[in-house]
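Novice: Now for the letters of each chain:
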Amino acid sequence: MRTLLVRLAGGLTLVGSSQVALASGWNMPVGVTDLSREIYNLHMAIFWICVVIGVIVFGVMFYSLFRYRHSKGAKAANFHENTTVEIIWTAIPLLILVGMAIPATATLKKIYDPSDAELDVLVTGQQWRWRYEYLGEDVAFNSNLATPRAQIRGDEERGEHYLLEVDEPLVLPINRKVRFLFTSDDVIHAWWVPDFAVKQDTVPGFITENWVRINEPGIYRGQCAELCGVDHAFMPIVVHAVEEEEFDAWLAERQEMAAEEAMGIDREWELDELMERGEGVYGSICASCHQVEGEGSPPAFPALAGNEQMLADLEWHKDVIINGVSGTAMPSFRTTLNPVELAAVITYTRNAWGNDSGDVVQPAEIAERLE
Amino acid sequence: MWGVIKSVLWAFLGVQRDEQRREDFEKGSPLAFIITGVVLGLLLVAILAVVAVWVAG
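Those protein sequence lines, which keep their order, are chains A and B. Residues 1 to 371, numbered by UniProt numbering, are exactly what the first sequence covers, in order. Residues 1 to 57, numbered by UniProt numbering, are exactly what the second sequence covers, in order.
Hints listed in this document are in silico derivations from the structure and should not be mistaken for laboratory results. Being a predicted model, the structure only gives us computed values, none of them experimental. Watch out, some of these pointers could steer you wrong.
[To be verified] Selected chain B positions facing chain A (Cβ under 7 Å, derived; list incomplete): (1) Leu9; (2) Leu13; (3) Gly14; (4) Arg17; (5) Asp18.
[Claimed, not checked] Pairwise CB distance ranges, derived in the manner of DEER restraints: (6) B:Ile35 <-> A:Val187: 43 to 51 Å; (7) A:Trp89 <-> B:Lys6: 51 to 59 Å; (8) A:Leu94 <-> B:Leu31: 27 to 35 Å; (9) B:Leu31 <-> A:Asp116: 33 to 41 Å; (10) A:Thr107 <-> B:Glu19: 27 to 35 Å; (11) B:Leu31 <-> A:Leu135: 39 to 47 Å; (12) B:Ala11 <-> A:Ala106: 27 to 35 Å.
Virtual Cβ for every residue (Gly too), placed ideally from N, Cα, C.
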């Protein structure tokens, strides 16, 4: 009992110091943008107002309970109304609420002002990954969970950034206003990065907005914050915030890669090249449902290894990958993957795990079909 | 009329003196209070909207 009390007292002292509370990880982070700092200060100001109100109200209550207790012969006062007291206890909360609403509204106005952005990024939620498109820059990619399945199953030791690591992070410049446009391809997701104080729902058929101007370079991690299906926990967000020159160099490099990829559509591809490329695409996009060895997990996710319908009908197979199958969990990959990736993954699934059909699907024929 | 408006405005705040309450309940019909309440309610919304536009606009 005594140790419990000591621990409790220690805990309360911890809460008393907001710096320690911050270090303990219980509090929201101050973050790395001016706006996140402002939101943090607002949160702390309102927190302390609540603490003061709580101490006063419960202090008066406990004092009265003790001082005027029945065993000391206290008699309850019996009166019906007191207009003055009622006006006071209505006016004080009114003033407190208005007092909190004024700074809160000023901050809200800033949050909802994405004007004068220097860079626009379209963020699309998908079951279960994020897709980032740098609008007007010809750069777009998917950001998939990079944590190995073996760690998730418990066969391997968990890594340092378990479920908070991706194959391709979002790269952003510091000191520039970046506007995000959010949408979704399927269900509602939410893009949440605590260090930016940004948590925005992504709604299919709608565009929502938010923005950041990051002050410090670094790696910032977040998660989907809207329950979106079985792999909701497996679509993390990783943002690399880099110096402006570094960002410009990165963007130029990505643009070059995109141009090369576009040229690759027209040339003839060998089976081996497509298999190699397709294995990568399969691992990051398909394996979470159809499994690494193509065994699937029936009935929701059919096996692809030895799938007779798929192997017998190449055109149907292409249609399933490009357009999805309505009424099932199979989504359309028309916008998620480019023609090279689509051709590679179709070729891969037709030749891996003993499927050995020998079919080679060229990116050019996929590109034609997409038009 | 002024008495009705005063009662409705006090009701907006959620406080009323007992004498005034008794007086109000002596009137036969609540219609005057309902109409005044709706009109003043709309007026309050309009005032808030104007203030919001003035501050944020």
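Novice: Hint by hint, note whether the structure agrees.
Specialist: Tested hints:
1. Leu9: Because about 13 Å separates leucine 9 of chain B from the closest Cβ in chain A, which is outside the 7 Å limit, the hint is violated.
2. Leu13: Interface hint status for leucine 13 of chain B: holds (6 Å vs cutoff 7 Å).
3. Gly14: 6 Å, holds
4. Arg17: Holds. Min distance 5 Å.
5. Asp18: At about 5 Å, which falls below the 7 Å cut-off, the nearest Cβ of chain A leaves the hint on aspartate 18 of chain B intact, so it holds.
6. B:Ile35 <-> A:Val187: 43 to 51 Å: 47 Å, holds
7. A:Trp89 <-> B:Lys6: 51 to 59 Å: 21 Å, violated
8. A:Leu94 <-> B:Leu31: 27 to 35 Å: 30 Å, holds
9. B:Leu31 <-> A:Asp116: 33 to 41 Å: The hint (33 to 41 Å, Cβ to Cβ) is violated, given that leucine 31 of chain B and aspartate 116 of chain A are roughly 54 Å apart.
10. A:Thr107 <-> B:Glu19: 27 to 35 Å: 45 Å, violated
11. B:Leu31 <-> A:Leu135: 39 to 47 Å: At 59 Å between Cβs, range violated.
12. B:Ala11 <-> A:Ala106: 27 to 35 Å: 32 Å, holds
Hints 1, 7, 9, 10, 11 from the earlier list are contradicted by this structure; the remaining hints agree with it.
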